[in-house]
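Residue numbers (the numbering used here), protein chains in the order written: chain A, 1 to 550; chain B, 1 to 550.
Since the hints were made in silico from the structure, they are not lab data.
Computed from a predicted model, the values in this text were never measured in an experiment.
One should not assume that every hint holds.
Copies of the same chain look alike in the list, so a pair counts if it fits in one copy or across any two.
Claimed, not checked - Straight-line distance between alpha carbons at most 30 angstroms, and here's what the computed BS3-like set of lysine-lysine pairs gives: (1) Lys291 <-> Lys188; (2) Lys14 <-> Lys159; (3) Lys159 <-> Lys104; (4) Lys172 <-> Lys215; (5) Lys13 <-> Lys104; (6) Lys492 <-> Lys504; (7) Lys38 <-> Lys26; (8) Lys230 <-> Lys300; (9) Lys14 <-> Lys291.
Number of protein chains: 2
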Amino acid sequence: MAEDVPIAIELAKKQRDISIASFFEKNRHLLGFDNPRKSLLTTIKEAVDNSLDACEEANVLPEINVELVEMSENRFRVIVEDNGPGIVKKQIPNIFAKLLYGSKFFKLSQSRGQQGIGISASVLYAQLTTGKPARITSRIGKKHSANYYELHIDTQNNKPQIIKDETVEWDKEHGTRIELDLEGSYQKGDQSVDQYLKQTAIVNPHVTLIYTNPKAEQIIFAKAAEQLPKKPVEIKPHPYGVEIGVLLSMLKLTESRTLQSFLTSEFSRVGSGTAKQICENAAVLPNTKPKDVGMEIAEKLVEGIKKTKIISPPVDCISPIGEELLEKGLKKEINAEFYTAITRPPSVYRGNPFIVEAGVAYGGEQNAEESMHLLRYANRVPLLYQQGACAVTRSVINTMWRNYGLSQSRGALPIGPVTLVVHIASVWVPFTSESKEAIAHYPEIVKEIKLALQECGRKLASYVGKKRKIQFEGKKRDYIKLFIPHVGEALKELLKLNENDEKKVEKLLAEILEKKRGHLEEIEAKNLEYDEEFANIGKGETEEENDENK
Amino acid sequence: MAEDVPIAIELAKKQRDISIASFFEKNRHLLGFDNPRKSLLTTIKEAVDNSLDACEEANVLPEINVELVEMSENRFRVIVEDNGPGIVKKQIPNIFAKLLYGSKFFKLSQSRGQQGIGISASVLYAQLTTGKPARITSRIGKKHSANYYELHIDTQNNKPQIIKDETVEWDKEHGTRIELDLEGSYQKGDQSVDQYLKQTAIVNPHVTLIYTNPKAEQIIFAKAAEQLPKKPVEIKPHPYGVEIGVLLSMLKLTESRTLQSFLTSEFSRVGSGTAKQICENAAVLPNTKPKDVGMEIAEKLVEGIKKTKIISPPVDCISPIGEELLEKGLKKEINAEFYTAITRPPSVYRGNPFIVEAGVAYGGEQNAEESMHLLRYANRVPLLYQQGACAVTRSVINTMWRNYGLSQSRGALPIGPVTLVVHIASVWVPFTSESKEAIAHYPEIVKEIKLALQECGRKLASYVGKKRKIQFEGKKRDYIKLFIPHVGEALKELLKLNENDEKKVEKLLAEILEKKRGHLEEIEAKNLEYDEEFANIGKGETEEENDENK
Numbered sequence: 001m002a003e004d005v006p007i008a009i010e011l012a013k014k015q016r017d018i019s020i021a022s023f024f025e026k027n028r029h030l031l032g033f034d035n036p037r038k039s040l041l042t043t044i045k046e047a048v049d050n051s052l053d054a055c056e057e058a059n060v061l062p063e064i065n066v067e068l069v070e071m072s073e074n075r076f077r078v079i080v081e082d083n084g085p086g087i088v089k090k091q092i093p094n095i096f097a098k099l100l101y102g103s104k105f106f107k108l109s110q111s112r113g114q115q116g117i118g119i120s121a122s123v124l125y126a127q128l129t130t131g132k133p134a135r136i137t138s139r140i141g142k143k144h145s146a147n148y149y150e151l152h153i154d155t156q157n158n159k160p161q162i163i164k165d166e167t168v169e170w171d172k173e174h175g176t177r178i179e180l181d182l183e184g185s186y187q188k189g190d191q192s193v194d195q196y197l198k199q200t201a202i203v204n205p206h207v208t209l210i211y212t213n214p215k216a217e218q219i220i221f222a223k224a225a226e227q228l229p230k231k232p233v234e235i236k237p238h239p240y241g242v243e244i245g246v247l248l249s250m251l252k253l254t255e256s257r258t259l260q261s262f263l264t265s266e267f268s269r270v271g272s273g274t275a276k277q278i279c280e281n282a283a284v285l286p287n288t289k290p291k292d293v294g295m296e297i298a299e300k301l302v303e304g305i306k307k308t309k310i311i312s313p314p315v316d317c318i319s320p321i322g323e324e325l326l327e328k329g330l331k332k333e334i335n336a337e338f339y340t341a342i343t344r345p346p347s348v349y350r351g352n353p354f355i356v357e358a359g360v361a362y363g364g365e366q367n368a369e370e371s372m373h374l375l376r377y378a379n380r381v382p383l384l385y386q387q388g389a390c391a392v393t394r395s396v397i398n399t400m401w402r403n404y405g406l407s408q409s410r411g412a413l414p415i416g417p418v419t420l421v422v423h424i425a426s427v428w429v430p431f432t433s434e435s436k437e438a439i440a441h442y443p444e445i446v447k448e449i450k451l452a453l454q455e456c457g458r459k460l461a462s463y464v465g466k467k468r469k470i471q472f473e474g475k476k477r478d479y480i481k482l483f484i485p486h487v488g489e490a491l492k493e494l495l496k497l498n499e500n501d502e503k504k505v506e507k508l509l510a511e512i513l514e515k516k517r518g519h520l521e522e523i524e525a526k527n528l529e530y531d532e533e534f535a536n537i538g539k540g541e542t543e544e545e546n547d548e549n550k
Numbered sequence: 001m002a003e004d005v006p007i008a009i010e011l012a013k014k015q016r017d018i019s020i021a022s023f024f025e026k027n028r029h030l031l032g033f034d035n036p037r038k039s040l041l042t043t044i045k046e047a048v049d050n051s052l053d054a055c056e057e058a059n060v061l062p063e064i065n066v067e068l069v070e071m072s073e074n075r076f077r078v079i080v081e082d083n084g085p086g087i088v089k090k091q092i093p094n095i096f097a098k099l100l101y102g103s104k105f106f107k108l109s110q111s112r113g114q115q116g117i118g119i120s121a122s123v124l125y126a127q128l129t130t131g132k133p134a135r136i137t138s139r140i141g142k143k144h145s146a147n148y149y150e151l152h153i154d155t156q157n158n159k160p161q162i163i164k165d166e167t168v169e170w171d172k173e174h175g176t177r178i179e180l181d182l183e184g185s186y187q188k189g190d191q192s193v194d195q196y197l198k199q200t201a202i203v204n205p206h207v208t209l210i211y212t213n214p215k216a217e218q219i220i221f222a223k224a225a226e227q228l229p230k231k232p233v234e235i236k237p238h239p240y241g242v243e244i245g246v247l248l249s250m251l252k253l254t255e256s257r258t259l260q261s262f263l264t265s266e267f268s269r270v271g272s273g274t275a276k277q278i279c280e281n282a283a284v285l286p287n288t289k290p291k292d293v294g295m296e297i298a299e300k301l302v303e304g305i306k307k308t309k310i311i312s313p314p315v316d317c318i319s320p321i322g323e324e325l326l327e328k329g330l331k332k333e334i335n336a337e338f339y340t341a342i343t344r345p346p347s348v349y350r351g352n353p354f355i356v357e358a359g360v361a362y363g364g365e366q367n368a369e370e371s372m373h374l375l376r377y378a379n380r381v382p383l384l385y386q387q388g389a390c391a392v393t394r395s396v397i398n399t400m401w402r403n404y405g406l407s408q409s410r411g412a413l414p415i416g417p418v419t420l421v422v423h424i425a426s427v428w429v430p431f432t433s434e435s436k437e438a439i440a441h442y443p444e445i446v447k448e449i450k451l452a453l454q455e456c457g458r459k460l461a462s463y464v465g466k467k468r469k470i471q472f473e474g475k476k477r478d479y480i481k482l483f484i485p486h487v488g489e490a491l492k493e494l495l496k497l498n499e500n501d502e503k504k505v506e507k508l509l510a511e512i513l514e515k516k517r518g519h520l521e522e523i524e525a526k527n528l529e530y531d532e533e534f535a536n537i538g539k540g541e542t543e544e545e546n547d548e549n550k
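Take the sequences, apply the hints, and build the full model.
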């Protein structure tokens, strides 16, 4: 009898649902919890990113406290406290103790978080490694009392499990504080918490970070700007990015009664004229009911969209740092002699608008014998891991830096005293993994990065070239000076001059050299427009002639 | 009034659940659907991997039909049909149209699939790009009729949406067939469907693959073994890998009444003696009720486990290919002159047993001027993407191949006519992303890979060294032969020999050389134990003396 029962029936008994929390419990390295050191960084990163997003959304200049306490060997307490808008009571458990819950996933506008996973994953990791619940305090205004929660995640069901829920006294009018105990490891260096906070300060000049490290030293990254970045506006999807599967489900969910109103109300950049044009190009009637659109008509619509000329999506959904502030940020944190930054015009990949920015800090205290220091950012968040897998790194390596005065081996970063910042801002940054460490290789993005690098490269080349010229001319002048007395002496012998005449000749020669030198400096001053300090060196008698630009 | 309403209340309105299907719809590159070419490969890979797992679990020698039809430009129909056990009717929709559903996730034993995502993700991708449902046929035995389903995924709720459900005639007694229409791109080369199937054939000698490519050419990879691999046995977790968070939730879910019985029944390698020892080391009573164990006792238990000597987990949960079959697989698909393979003893990372295997094919038709051809496998599945991010690649690069007779630049794969296979078999392979393309850098795994490479390397060095020696000696003999007549002539003059004596001397010299040569060949034959062909070249008068091993 047993042999008559197909094995499939036996196998079926083992089939079951897997909760997303169980999935990430087992796959936590996908979220950036590979090892104790990285886990500590990831936790702080997720908490700080959320705090910054919340403050900016509420138009509050962010002031974030980060505290790291070493509880015992490999065990740390992480405390992140912000002055943001706070979180309403009933949302607190979901936001901190449920994976895939949030407000940013469905919104097409630039934010640091986008997935609704990060902070709950940190809570999950803390719970796994120490068994301790997350402690959350949040207050939404002075008329409201502060709420305090202790939360676990029920991993089997991906649901919050409330351990404690009470009202507490809090001197802050509004804000949120999270406290987690977790297994971690604290080290300084390239991929450290300290480095993450420093890099965050560079591209977020409006943020104040107060950081207390495990040695109880307090480091303050003060703000350099009093203005919040321009707030990104939420947009609708652009028709060019839509795929047939998504279109079909949008048609099913819409409240519009006709295809034409569906197109104008659900997409950006589609007015009634464009909507009619799309329908015409698709050979579909504009008053077709969306519910009646099946596979066949949907396919026609996608073709119709492709044939219609539609202007690019609006870019107020993106908030770049801007050339000026990026340069300011670099000056604030990196001691160099030349700074430049550029912001590219907006571009689009798969219907998503994005902007690339790049900045360079050259010379100063930076090591000239080492590889360039590359700082990668996405939506103002520093990316510290997986440099090799990132589209930014690939683009930097594939740029011919020799043209810009740096030495470079094939397939490697250039060598030189340079810090290079690359920032990608988008409504949806395509990361290569949930841990958001590297940017995927979309051709449109790679192209924009390259153009940004080339623009920075040209400015850098101009500076590096001029600097070399100055050094070269300086040496030349020194040589000439060295020879003047000998020339004088030789002339004295040849022409039988007396001591006095000899001195005269020498003075004359020095004056000629000075004139020549002045002329050289004038050219240098003109070329060195990117660096005030160097321009000042060359101030001479010909300065006034150059002042016409003032 | 509006100002009195905290902004948090406004923000709260946007908070909501994100379904895992929506998440992967937006992040499909995380699952291997980055671009049309890769998407086609990923789809076939997921379907074939599932078929192989099902056949092996049901003790059926797998015979898989893969068909690729070009429907129009960039649109393909993928058909994968197996002779496996089939799937019971009510499970079909969940298995193919619900993400995070499956039987392998909770099981600690080696399988190709492990996450319950892959094939539903392919269905999702097909639906997104063509709008067409997945067509599934499955039959579990001759007394049962075949079921046919057409399925969509309701992405907002991550639930199957049944378009058609009927009983059909099918000439197969048992098996499963999936048919998907999707956007794709078909090219040959390193990361192609053809390459994936060829590499699958190398490490799965018991599998027959019948592949029809878009040009309607049929390629058959016939099986080279009549035996299924040893079936991996399911194990329980090993105490050394357990973290406090997991322990706490196990304690909550257990049916055991005492701590001692909990430890013996929920873990592998824990008998009552070991359980008592753990409790003693933790200073906890063995008859404590699991439900009464709180944070404090759980922490003590974790410490107690660390202090207790517990033997390594059983390894019958893993089914390596084996040295013999791995070599056979290489011989079947790669034309070389020297083959070797080794299987390392089992090891453990984070409580998970694993085994590393490596195989080398050297020389023959392989290009000597190019980088080594590296084939990476995890649980018998070829990994074709993200070579740079993989622990295998890193280990190969960090191995000093110059010691083994290959040239190598720093930080690069060695150069030479070599194919290297590395296989990792484990109950849980730690991939760097859901698309399962690269293995994470766990130190225990990296160490085992290096040891495997060194073992293969030494065998390779021995062969390469001997081969060079033979070539070198051959040249030497040729030179000596060249000089014999001249020596003869010289002696003739010096000693005033006649023509006859000169010939005699030359013959004598040739004989001495022959003897010497014979002696050399004997050494070579002895050393060249890894290659029959070369050993045969050296057969001479001294052969019998070497035959004592026969």
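Hints and how they fare:
no. : hint              : in the structure
1   : Lys291 <-> Lys188 : neither (58 angstroms within a copy, 42 angstroms between copies)
2   : Lys14 <-> Lys159  : both (23 angstroms within a copy, 19 angstroms between copies)
3   : Lys159 <-> Lys104 : both (19 angstroms within a copy, 23 angstroms between copies)
4   : Lys172 <-> Lys215 : within (26 angstroms within a copy, 70 angstroms between copies)
5   : Lys13 <-> Lys104  : between (38 angstroms within a copy, 12 angstroms between copies)
6   : Lys492 <-> Lys504 : within (11 angstroms within a copy, 93 angstroms between copies)
7   : Lys38 <-> Lys26   : both (17 angstroms within a copy, 26 angstroms between copies)
8   : Lys230 <-> Lys300 : neither (39 angstroms within a copy, 52 angstroms between copies)
9   : Lys14 <-> Lys291  : between (39 angstroms within a copy, 26 angstroms between copies)
Taken one by one, the earlier hints fail for this structure at numbers 1 and 8, listed in ascending order.
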